[in-house]
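Just so you know, the protein sequences line up as chains A and B, in that order. Reading the first sequence from the start, the letters are residues 1 to 328 in this note's numbering. Reading the second sequence from the start, the letters are residues 1001 to 1358 in this note's numbering.
Hints listed in this document are in silico derivations from the structure and should not be mistaken for laboratory results. All C-beta atoms in this analysis are idealised placements derived from N, C-alpha and C, irrespective of residue type, glycine included. Heads up, some of the hints might be wrong.
Some chain B residues flagged as far from chain A (calculated, every beta-carbon gap over 12 Å) [what the hints assert, rightly or not]:
1. D1025
2. F1029
3. P1166
4. L1203
5. D1315
Quick list of simulated restraints, FRET-style, between CB atoms [what the hints assert, rightly or not]:
6. B:V1331 <-> A:L6: 50 to 58 Å
7. B:G1206 <-> A:H105: 41 to 49 Å
8. B:G1206 <-> A:I191: 51 to 59 Å
9. A:G246 <-> B:V1331: 46 to 54 Å
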Amino acid sequence: MPDQLLYAMEVLLNGLMAGVLYALVALGFVLIYKASGIFNYAQGVMALFAAMTLVGIMEGQVPFAHLINAAFGTDLHVFGWQLSGLIGILLTAVVMVVMAWAVNHLIFRHLVNQEPIILFMATIGLAYFMEGLGDLMWGADIKKLDVGLPQGINGWIDTTTFDAFGYGFFIDNLDIWATVIAAILVIALMIFSQYSKQGRALRAVADDHQAALSVGISLNFIWVLVWSIAGFVALVAGIMWGTKSGVQFSLSLIALKALPVLMLGGFTSIPGAIVGGLIIGVGEKLFEFAIGPMVGGATENWFAYVLALVFLVFRPQGLFGERLIERV
Amino acid sequence: MLYREAGDFKTSYEDDSQTFPIRFDRLAFYAALVVAFGIVPFVINDYWANAVALPFLIYAIAAIGLNILVGFCGQVSLGTGGFMAVGAYATYKLMTAFPEVNIFFHVLIAGGITAFVGVLFGLPSLRIKGFYLAVATLAAQFFLVWLFNRVPWFYNYSASGQISAPERTVVGVPVTGPHTEAWATYLFCLVFLAGSALIARNLTRGATGRKWMAIRDMDIAAEIIGVNPLRAKLSAFAVSSFFIGIAGALFFSVYLGAVEVGEAFGINKSFLVLFMVIIGGLGRIFGSLAGAAFLVLLPVLLKNTLVGTLGWPTDLAAHLEIMIVGALIIVFLVAEPHGLAQLWRLTKEKLRLWPFPH
């Protein structure tokens, strides 16, 4: 096979892997949007916050150490323990549930029946707050996250493709793991929402929250549940991205990348988030590969948005979104 | 006692349709103009101009522009930073290509160019609505910033990739470049703000503004009663981008002087201006001014208290500041979703009755 085609295939595979990670963030958006009509801009910052908390707990950092030291003149830094990845993840999950409860009870319970734009603004406020809180709690430096996921080039794919085509594909082990975990997560979520009692209540609320309320479903409980699940998804996304490129501020920007994914897939569809993520991931990698060098590179910054924009002009509700029927 | 319509008789149609129908409002408006034009230029110094006055004036223009689009026409836009960049780069190209023309006209023409770009990116709004549109405008934000970063023609092939404003004068007084004085830059921006606010106020209470509001409230119903959605939406995009372009031009040429596009006009700028509009009050011109003042003053205040008085390290203060801004936004939305302008309106309602309870 010609070299160019082989390179393109490698880019395509890497794009698919990147797309899975986009889809993971987009999934969190869709969950909250379906259940409460809130377009949660803070999803990316939640992923960042979760990853920071995980690192902080595993390293045994004292929360707010910087602030306490500045205010009281003490010199605190670490508790002096090291926790394994699994315990760290469990504790972080607890933190995310507490956060979900706080977010629902302090903010969104008071904003029921407000216009969507107001809710959206509130989540941007929440994003700013959590960004500041995360930095304040755990420090703003770039952290290394290692929960024991394998990293580096996958030798088996490398040798197999080398034997077959005379050119070894570079595929990161982490990306493969991310794909597997994302697939498990999606299947688990689908089973949960189809067959469990809470899952059914969740779908009822998503359908019509007043009707759900009238048959005795507690809206507050469901909303806390949804925010917690979104928190877990954020944690998983945070672990993946954090292991890949370090826990740092740019992590929260992947939320912005998830937006065109959502637009492609439709805000209300879980399969849409996944397909959208794959399209964006593959599209931007291939575009950068084929057209990027001609126009000065770094097209990944905008390609996803422009693709989504052009796409929406032809199909305003996205690939799998519910068709809007408007009446006066 | 002071604030009421009673006794303020209107004897002609002009009286009846003036911008501020209540005498107290009118007097307050004139007083504000006198203070802004007649007193502040004589007392302003460099610190106040650079830390408070110039950012306030420029952000207020941008907020008015965005308010027209989001607050009056209901089209949520996250592309403000990108459009400001268009204004900045348009002035830069004009300033360097036609040095003999007055900068005043450069800024206006830059606004016009931005309006054109705004209409271009506003075209999808005819098909896309709500959040889908908000995300679509992100395309403008990222694409424009990338374009100005990557195409050397826009920054005149300078080695650093930055653009910096050469010195230009208005009636012999420099307003851009390194040798400006505080009062000159202040007055230059103030003229634009006063003009923009007046134009916006009068546009929004006339036929154009009513069309925008009809589209905002329900676009299908508006279409049925005879509002042309194409013209209404695109005119909102044009007018809004015009103001935002002027703000971007001033931000670059008068306030910063030298600009690196990703830093000065990134996505954070879009959010900042949107916050000003929301905190100030959607669909109120006064709200844009109040929101801009609030968000410009707040960081200055926090920084002075935390770093200046308490002596905390600056990075800590920066984290606290972003936390407090976020929390305040939420508190505002929970307590008063209609913003500072609504508080002001409630105060006026109370003042009308005062000192009688009913």
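We went through each hint and held it up to the structure:
Against chain A, the non-interface label of B:D1025 holds: every CB pair exceeds 12 Å, the least being about 28 Å. No Cβ of chain A approaches the Cβ of B:F1029 within 12 Å, the least distance being about 29 Å, so the stated non-interface status holds. At roughly 26 Å, the least C-beta separation between B:P1166 and chain A is larger than 12 Å, which holds for a residue marked as non-interface. With a closest Cβ-Cβ approach of about 22 Å to chain A, B:L1203 is found to remain outside the 12 Å limit, as its non-interface label requires.
With a cut of 12 Å on Cβ distances, B:D1315 falls inside the contact zone with chain A, its closest approach being about 7 Å. Checking the proposed 50 to 58 Å range against B:V1331 and A:L6 shows it holds: the Cβ atoms sit about 57 Å from each other. Separation of B:G1206 from A:H105 is about 45 Å and conforms to the stated range, judged on CB atoms against 41 to 49 Å. Here the CB-CB span from B:G1206 to A:I191 is close to 58 Å, well matched to the stated 51 to 59 Å.
Distance hint check: the CB atoms of A:G246 and B:V1331 are about 33 Å apart, inconsistent with the given range 46 to 54 Å.
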